Amino acid sequence: VYYDGGFISEKSFFNNEISGEGNNRICRVSIKANVTKYASQPDPSFIFKAELEKNNLRANEEIRIIGETKSEAYIYLFSLVDNNDEFIKLFPNNLDKDNKISGEFQIPSSTGQKKYGLKAIFPVNVKKKIVPEYMVIVASKKEMKFFDTEKKMALYRRLNDYKRENWKMENLGYVIFKDE
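Using this note's numbering, the first residue of the sequence shown is number 1, and each one after it goes up by one.
Warning: the hint list may mix true and false statements.
Unchecked claim - Beta-carbon label-pair distances, calculated as ranges: (1) 26 x 68: 21 to 27 Å; (2) 146 x 16: 31 to 37 Å; (3) 41 x 127: 16 to 22 Å; (4) 26 x 106: 33 to 39 Å; (5) 33 x 98: 35 to 41 Å; (6) 11 x 71: 33 to 39 Å.
As the list claims (entries may be wrong) - Capping the alpha-carbon separation at 20 Å, the derived lysine to any residue pairs in SDA-like fashion look like this: (7) 49 x 148; (8) 142 x 83; (9) 32 x 89; (10) 89 x 133; (11) 142 x 71; (12) 128 x 44; (13) 115 x 128; (14) 163 x 7; (15) 142 x 44; (16) 11 x 34; (17) 100 x 11; (18) 163 x 41; (19) 100 x 148.
For the record, the hints were derived by calculation from the structure and aren't laboratory data. Note that this is a predicted model, so its numbers are computed, not measured. Positions of the beta carbon are idealized from the N, C-alpha and C atoms, including for glycine.
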């Protein structure tokens, strides 16, 4: 979990207890977590905003992120997967490599849009009619290096290494409605 001033750097679960029967079952889990404070503070003059064009999407609908920076920045977009424990880097990618931005931007970029798209895919074997999903977008003053997939805690540790005054992060949440 990310907080503006720090992040959970380690966690462990213990004392798993299940009590009750049928629909009255209760599961109690205890967690031990270490919260690491970022080594430095954000730069208030580094201004960045990003949002989803739409937050309510139907299955297979295109996803588009729009945003703006007030100074030159490198943009990185991640999707949160694997039970909310792993990030997949969506941008930059092999089809849309130019992530150095100044001013307004969109993902996919206008040139990248001709080569690929981001789609809202409803998960297979899910009985719910609506599922929430999350992305994270990072703007950085410096070029950063990330793996294509990163465990959540590893990504936050890496961001801490890049120093908090050099980047900003926005959480982008949306829901996907199942086609009936």
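Outcome of the hint check:
1. 26 x 68: 21 to 27 Å: 47 Å, violated
2. 146 x 16: 31 to 37 Å: 33 Å, holds
3. 41 x 127: 16 to 22 Å: 45 Å Cβ-Cβ, so the 16 to 22 Å window is violated.
4. 26 x 106: 33 to 39 Å: 46 Å, violated
5. 33 x 98: 35 to 41 Å: At 38 Å between Cβs, range holds.
6. 11 x 71: 33 to 39 Å: Given about 35 Å between the Cβ atoms, the range holds.
7. 49 x 148: The hint is violated at about 23 Å.
8. 142 x 83: 30 Å, violated
9. 32 x 89: Roughly 28 Å between the alpha carbons, so the hint for residue 32 and residue 89 is violated.
10. 89 x 133: 15 Å, holds
11. 142 x 71: 12 Å, holds
12. 128 x 44: 41 Å, violated
13. 115 x 128: It is violated: about 32 Å lies between the C-alpha atoms, which goes past 20 Å.
14. 163 x 7: Given that 20 Å is the threshold and the Cα spacing comes to 13 Å, the pair holds.
15. 142 x 44: 16 Å, holds
16. 11 x 34: 6 Å, holds
17. 100 x 11: 34 Å, violated
18. 163 x 41: Since the Cα atoms of residue 163 and residue 41 sit roughly 8 Å apart, the hinted pair holds (cutoff 20 Å).
19. 100 x 148: 18 Å, holds
Going through the hint list in order, the structure does not satisfy hints 1, 3, 4, 7, 8, 9, 12, 13 and 17.
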